[in-house]
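If you're matching them up, the sequences are chains A and F in order.
Residue numbering for the first sequence follows our numbering, beginning at 3 and increasing consecutively.
Residue numbering for the second sequence follows our numbering, beginning at 3 and increasing consecutively.
These aren't lab readings, by the way, just hints derived from the structure by calculation.
Hints should not be assumed to be uniformly reliable.
One copy or two, it doesn't matter: identical chains are merged, so the pair holds either way.
[As the list claims (entries may be wrong)] Under the rule of at most 27 angstroms between Cα atoms (straight-line distance), these lysine-lysine pairs were calculated in the DSS-like manner: (1) 259 / 133; (2) 286 / 259; (3) 286 / 271; (4) 260 / 286; (5) 205 / 271; (6) 49 / 133; (7) 271 / 133; (8) 263 / 286; (9) 205 / 228; (10) 200 / 228; (11) 260 / 133; (12) 228 / 286.
For reference, the chains in residue letters:
There are 2 protein chains.
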Amino acid sequence: MIMPQSDLANRVRQGDRRAIARAITLIENNASESESILDELYQHTGKAYIIGITGPPGAGKSTLVDKLTLLLRQEGRTVGIIAVDPTSPFSGGALLGDRIRMQQHSSDRGVFIRSMATRDALGGLAPTTYKVVKVLDAAGFDVVIIETVGVGQAEVDIVNVAYTTLLLLVPGLGDDIQSVKAGIMEIADIYVINKADKAGTEKMMTDLKILLEHNATTGWETPIIKTVANRSEGISDLLASIRQHYDFLEQHGLFEKKEGKNSELEVLKLLSFHLTRAYLGQFKRSGRYDEMIRAVSQRAMSPYQAVHTIISEYNPEAH
Amino acid sequence: MIMPQSDLANRVRQGDRRAIARAITLIENNASESESILDELYQHTGKAYIIGITGPPGAGKSTLVDKLTLLLRQEGRTVGIIAVDPTSPFSGGALLGDRIRMQQHSSDRGVFIRSMATRDALGGLAPTTYKVVKVLDAAGFDVVIIETVGVGQAEVDIVNVAYTTLLLLVPGLGDDIQSVKAGIMEIADIYVINKADKAGTEKMMTDLKILLEHNATTGWETPIIKTVANRSEGISDLLASIRQHYDFLEQHGLFEKKEGKNSELEVLKLLSFHLTRAYLGQFKRSGRYDEMIRAVSQRAMSPYQAVHTIISEYNPEAH
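This is chain A alone, in the form it adopts within the complex (with noise of 0.2 angstroms):
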């Protein structure tokens, strides 16, 4: 270890850009550290705006990131970017082409930008992604940024993180508000019509008015807003509409609600693993586990008897 633990969080606190850097380092390498310097921040937490950017590839999320992060620091506001990339070949160029055009925001001291692969190939939020936001939170970013191409699970997980969830759509994608569909459009807080000067983009209003004349349960309703991202136009309607959500959320208390079941999700998340690596790790040391697994997967034990079998040799004495 370079430097003490609690130094680096420390350090992270004043946001000391190579401390932040390494701190994330430490967390998407799960190193055994990366837990004491996540408790030792946690309590400094709870203070940036959290905002999820979700949309199909090809529909110009990072240059909508950018240009908000443009704006906000001109208001003076500090920005936390977390970029999601998927670890799909496929995608990996228009990606990387994506963090090239941030650069402009290299030399700026207010942006962060860190990019995540996630684990699997579908695109869900790296596990870890809830904790990098917790560094750049204690790391006092006013805002922070969270960037995923949109498959399934990674809108869900975004929503879970996230005070205000955009969902980015393209006109003439059609098709897409068929397929990218149902479920998924139910997360978003604000759609936003990127390319909004392309043909179809009237067309895609009403076809989504008609899809939210659906939706109404939290009494929120779900603006639509057109922007142009790439020549800055909408982009200052998106910000005040984001602001609108922050308005809702805080009359309606559902920031603490939403508080309370993040808290209880972390708690729930973190305890299942502790068990889970205290018990498996002892019964991997007695030897026996992967003659376990071969018996159930030859069926001569069930999984329910495997579980209790490691269950009741569990000896906290040992620990």
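Since the structure of chain A is already known, use the hints to place chain F on it.
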């Protein structure tokens, strides 16, 4: 309880339809007795061939399942079908129509159809789906087909459960090759272009072939099969292709590999579930759980401290 559990498990094994339906309902309701039934049935599983079918809404999945089932029945095979419905209100109508279309099998004792709702809005397989597969497997169905709308997580789940996974596409959803996309393409063992009498079929073939060139990991050459399911065209080609994939798995020892991996996943899931339930249940009885979550939510306590408290206060004697 209407009948003793072991009697219910026995009747499931004999293929008694009412017993099968009841066992599935117990699983869906997460009834406590469902575990002992699955425990009993487990040793009788591993015989059914499990096929997964996924694809966007409107691709014709149900019609294809329907025709594939007819063909398998003509060969004398019995077929269990699990149709996973996303809970979204938008697609409810179409899926209901599908169910009605499949009622032509309802008088055939060799076919058992069960619709299941997914719990989350994004169309992942219901967490109980793999347990229902075990019931149909133990009940003696030769083939079990899982049909689900493709929305991200669903595909991952289906790949874990099924031996052969089909991805249905339809010409004219050309953008979808981009956006149904990268990650998801990789899960399919067989691509099916359904409605292959429509314009755009050859272009889609070409596009798919290019994608496939980038994707040669296992050595299996992913075939592309053209079907027009509502006219029963291409169904026997598809079945032949499924059989070729079966042979490939067998020749390369991939069945045991998959079974081993699935068995381990199942043990880990179950272990994590049982441990979390036990520790959390005991801590909740102390009456301090809500207060703890509130403290975490207000940053007065970190999730790590919360988990440490729950684990260190656990007393196995209390169980």
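* Violated constraints from the hint list, given by number and in increasing order -> 5, 12
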